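Chains as they are written, first to last, in this note's numbering: chain H, 1 to 440; chain R, 1 to 440; chain A, 1 to 440.
I should point out that these hints are in silico values taken from the structure, not numbers from a laboratory.
Just so it is clear, the structure is predicted and the values come from calculations on it, not from any experiment.
Take these hints with a grain of salt, some might be off.
[What the hints assert, rightly or not] Covered stretches of chain R, as calculated for chain A (at least 3 residues, CB under 8 Å):
hint : region
1    : 239-251
2    : 300-313
[Claimed, not checked] Computed footprint of chain H on chain R; a stretch qualifies when at least three of its residues, placed anywhere within it, have a C-beta under 8 Å from a C-beta of chain H:
hint : region
3    : 69-76
4    : 91-101
5    : 120-126
6    : 332-339
[As the list claims (entries may be wrong)] Okay, derived cross-link-like pairs now, DSS-like style, lysine-lysine, Cα gap no bigger than 25 Å in a straight line:
hint : chain 1 : residue 1 : chain 2 : residue 2
7    : A       : K118      : H       : K118
8    : A       : K118      : A       : K44
9    : H       : K40       : A       : K365
10   : R       : K277      : A       : K11
11   : R       : K323      : R       : K146
The beta carbon of each residue, even a glycine, is placed where N, CA and C say it ideally should be.
This is what each chain is made of:
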Amino acid sequence: MTNSATNLRLKLPVACIILEVIIIILFGALVQYDNETDAKQWHKELANGSSNYDNDFYYRYPSFQDVHVMIFIGFGFLMTFLQRYGFSSVGFNFLIAAFALQWATLMQGFFHGMHGGKIHVGIESMINADFCTGSVLISFGAVLGKTSPVQLLVMSVIEVTLFAVNEFIVLSVLGAKDAGGSMTIHTFGAYFGLMVARVLYRPNLDKSKHKNCSVYHSDLFAMIGTIYLWMFWPSFNSAVTAHGDDQHRTAMNTYYSLAACTLATYGLSAVVAHDGKLDMVHIQNAALAGGVAVGTAGEMMLTPFGSMIVGFLAGTISVLGFKFLSPILEEKLKIQDTCGVHNLHGMPGVLGAIVGAVTAALATKDVYGDGLVCLLVTSWESVPSPDFMVKLPLLRNRQTPSKRAFTQQFNSTLPTLCVAGWLMCFILKLPIYGAPPDTI
Amino acid sequence: MTNSATNLRLKLPVACIILEVIIIILFGALVQYDNETDAKQWHKELANGSSNYDNDFYYRYPSFQDVHVMIFIGFGFLMTFLQRYGFSSVGFNFLIAAFALQWATLMQGFFHGMHGGKIHVGIESMINADFCTGSVLISFGAVLGKTSPVQLLVMSVIEVTLFAVNEFIVLSVLGAKDAGGSMTIHTFGAYFGLMVARVLYRPNLDKSKHKNCSVYHSDLFAMIGTIYLWMFWPSFNSAVTAHGDDQHRTAMNTYYSLAACTLATYGLSAVVAHDGKLDMVHIQNAALAGGVAVGTAGEMMLTPFGSMIVGFLAGTISVLGFKFLSPILEEKLKIQDTCGVHNLHGMPGVLGAIVGAVTAALATKDVYGDGLVCLLVTSWESVPSPDFMVKLPLLRNRQTPSKRAFTQQFNSTLPTLCVAGWLMCFILKLPIYGAPPDTI
Amino acid sequence: MTNSATNLRLKLPVACIILEVIIIILFGALVQYDNETDAKQWHKELANGSSNYDNDFYYRYPSFQDVHVMIFIGFGFLMTFLQRYGFSSVGFNFLIAAFALQWATLMQGFFHGMHGGKIHVGIESMINADFCTGSVLISFGAVLGKTSPVQLLVMSVIEVTLFAVNEFIVLSVLGAKDAGGSMTIHTFGAYFGLMVARVLYRPNLDKSKHKNCSVYHSDLFAMIGTIYLWMFWPSFNSAVTAHGDDQHRTAMNTYYSLAACTLATYGLSAVVAHDGKLDMVHIQNAALAGGVAVGTAGEMMLTPFGSMIVGFLAGTISVLGFKFLSPILEEKLKIQDTCGVHNLHGMPGVLGAIVGAVTAALATKDVYGDGLVCLLVTSWESVPSPDFMVKLPLLRNRQTPSKRAFTQQFNSTLPTLCVAGWLMCFILKLPIYGAPPDTI
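Model the full assembly from the supplied sequences, consistent with the hints where possible.
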């Protein structure tokens, strides 16, 4: 699967099998069906007057499958644009994603899914595990072609764990809203990946730079990835938002943001190109920045108008980043960001956090009506329909708009985690992984 | 992205950015969330006893995503069968679709979505915008390879506007039913495209005809487009039909029509081929004609038996069109229909309109029971569940079957609009767009 | 479409058109809308207090579309890995699937959908027809490249008929549960295909063996098939299970089984490879075995822990099968299993049947609570919500765990059917089909 002489005969099997055995043992000890997947518990709820049609499966599963396609087809094929790495990107993407979603179920369960010492799993935990996996794949984009599958598995173990810690701090401790993950998924994944790319810097890699170029069919395969990510991003951002208007609005805001972002991308790409031709790398990546940038504010009353402005800005900074910032990152900071994740996930993610903070600060009872309550509870707290009106007065006093705006801000935990991650990443430099050589 | 020396450096950015800025301003002035996406309004409905699970998001969004895949993957990849235009077809398809869905939201809103001077948007407006986009992409198929992206954007502005006018006349003024768009989407898109192709006729284009041939991998990419269109057509036809039996029946009728159409296509293709081999162009296109032909009648009590006969006929005329009619169109009428949209969307669309008229004329209370009411209201009028039985006697007298059959007929507005469009299309001949040259 | 000199001019059209005409006549005579798709019947139910949102369309259609993608994209592209058969696999897959789903509607209708002499069709019959089609496509995988499209159509006629008989015996007579079809779909399809491959054995085929090798782009196309099958398998296994916790749990068990299976596949593949490189054929196939192996037990309280163990085992036996068993099948038994369906569907299907029998035998009221009833009714009997609690005491005495375990066992009908099928398959050896020659 790699053209290199890398011998995976021992290292990869040992890593895969040991990790899977550890996961299976931990699942056996800790994981239980939640109330909606357990036969006994669900039939108790049915006896209490629920209907089988109330099972959350019917209101989350279609979104889950869209997210699933983004993770496995979207990310997998987006990274095939490098001719040399077509196989690796799809094949390694598959392996890492299948591992990360299991590990994420455990790590996210530890931090916010424990019920009497057990992790409860259901459709929401499946979506959240896929989200965490998305963050790992973003980081993979920054180091594509410089790592062996074993290194990627080790990176996943570390990143998933830190992701769960960061997510816990941002959502549960600070109480921020971030349903589409501008902060927790995209910003975190991008900067984690850049950090690893810095650690793995290879001064001689540019010697084989001509192999990095894309070819006709590679670009068509990559467009499959791009378009699936683009189409299903409304499902991604709305997958775990509150039911009803929230989920509906999030999907629509994302749809408009992406449409505006696409026009900005084509326009800007033609401006900055040398010869007036469109650059496929811009189209494959920057057109998606609109989805990242409404990840936090998408569920708020951002309006289609606001969403389109955010999308337009995101596309603009992303194209400019590819053109002007990426070369600087490589030359000055020695970060070879293979897929340009800084431009697609990093900067638009920061923009998304700022937009989210501003939109939350502007939220008033006049605009949201009784829906303001949904803005006050975090994604991890459910707003169950029955006692909805009872909870309302309690929650309304909990946080003032100014406090919300504060917690929405670009969170202070990120730098801390980056430093922690940096130290741990030196583990990846140990000469035991059989990484691919610089030149083939 | 094109192999030509076309310099897009100024024209494309100017077009993209000006159009997007106009759209954003109009959205800011005119567009509002509807009752199901607005936090305040929806929470008022919740207070009146609605449940979050009643939000139309859950009953339309999966169909919307299927339609979205047809627009971006289906149409995009279907047109990659020409080796020379692989990039262009996917890349330009992406740009035009992202533009057209925004413009369509505004234009369709003007004609049938205004509430107190504001356009209300929600999942239904998103689906309808995607439908209108589909019509533009059908026209794109007729002019593929003869137009620059700027010309395509100008064409989209005109076509989307005329589409909304035509749709308003057919559905609201004439009161026809056309949920799957045999008339409004397919017939309109196909003949608009043929008209533009006639305007842009280039006598020397056939000199580079050998570049039009397909190659192995192009054909596999095109099959991705074909199969996605084929699989999701039941969702396309049923996406905006009334909830309940209508939506269920429409999906099923389309499914059977497509299956029968596929067997007719394979059979006929082998008959008309020179050497007894199957022609990939037939399979990639004609197998889809069954979906077009039940676009109008799909929601009626067409029965699986009737659907299969319609599908079989549609496949037959489509293959025969590719074989015998397309060469005549090019030689006699000087219409170079690159993708054969006349065979896939034009003739099957007319067949669909006729089938719809006949099926509507045969509708009786004996067959439809109380469901006859759904046949009497157009797609743009909602049949809300609560006052359903109250509305029934009022509506029943509104139109007699014969009047319905009349309004279903191949509508008289189409020729008018074609003439109007023809005049406007001369705009596309202005020598300012940087269109690709005849030979490369 | 084939490189061979095979002349399809007469045989294919005759087969396609005659078969389609027969199907249309039978549909006209026998097929009716069911209560949820018939306008009159459904509006009677509405008058009795049902809501349009209760229509089963909303609870089955998203799963149906996922299954549809697996059948047409998944199976179609999975088989493109052979460079020589790229076109054939997608194109013939399309033809056979479009035929088989119509024939399956009739055959399955005869055996368990008759209501007063009529076959009732709706979303469940559409899913079941797709399932039966899946079984035919599994068999197609075993004979890929050795058959003409006419032979494949004849094979489909026979296989669909026998599939319906076998399904009737397993589900209705023996009363086994097999929602995901470990036994009825995968085991049946695989062994039927192997039998046909044995019948069509060609001693000289290995002379052109070098044409069987995969190339770069073929492998990427095949990965599209693999990943779609992998992603949507949870929908496949849960598509016809009972609503509520059953459907939710089945999807989740399948998701965990597949994730564990993928890690086992990558690990084992690197172990058994000659040079320590991953074998794309293993990844494209064995990673899916986890879905097959929980087809029967997935709806039971298998727990995530149990699902992962089953997935891990399935991946292991599948990789070992590709490495060690396939060469033996070809050399000793003269079975050229082109796509290795024995390793992906055959052995994992048998494993799934055993796991299902054990899990069913262990089912207790203590674990399942009132949900135990769902385990006692087969897929073909519906558990309607209203009279659910009434039925409960009646059903509880119907079968004891030990009897259930017995009926779950590797069913005795399979060998019988294989012999019957074997005889009928000699029909395929008649020299009338224009099969492709051994060497090109």
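Point to revise | 8 Å C-beta test of the region 332-339 of chain R against chain H, three or more residues | key: Not satisfied, violated; 0 residues make the cut.
Point to revise | Coverage assertion for the region 239-251 of chain R with respect to chain A, Cβ distance below 8 Å, three residues required | key: holds (count 9)
Point to revise | Restraint status (C-alpha distance of K118/A to K118/H at most 25 Å) | key: The given pair, whose Cα atoms are some 51 Å apart, is violated under the 25 Å limit.
**Study point:** chain A covers the region 300-313 of chain R, three or more CB atoms within 8 Å, holds or violated
**Key:** holds (count 7)
Point to revise | Assertion that chain H covers the region 69-76 of chain R - criterion: three or more residues, beta-carbon distance below 8 Å | key: With 4 residues in contact (Cβ-Cβ under 8 Å with chain H), the coverage given for the region 69-76 of chain R holds.
Review point. Quick one, are K118/A and K44/A close enough, alpha carbons at most 25 Å?
Key: holds (20 Å)
Point to revise | Assertion that chain H covers the region 91-101 of chain R - criterion: three or more residues, beta-carbon distance below 8 Å | key: n = 6 at 8 Å, threshold three: holds.
Check your understanding: Are K277/R and K11/A close enough, with their CA atoms no more than 25 Å apart?
Key -> holds (11 Å)
Practice item. Take the C-alpha atoms of K40/H and K365/A, compute the straight-line distance between them, and say whether it is at most 25 Å. Key: Status holds; Cα separation ~8 Å.
Point to revise | Coverage claim, chain H over the region 120-126 of chain R, checked by counting residues with Cβ within 8 Å (three needed) | key: It holds, with 4 qualifying residues against the three required.
**Study point:** Restraint check for K323/R with K146/R, where alpha carbons must lie at most 25 Å apart
**Key:** holds (22 Å)
Checked against the numbered hints given earlier, this structure breaks hints 6 and 7; the rest are met.
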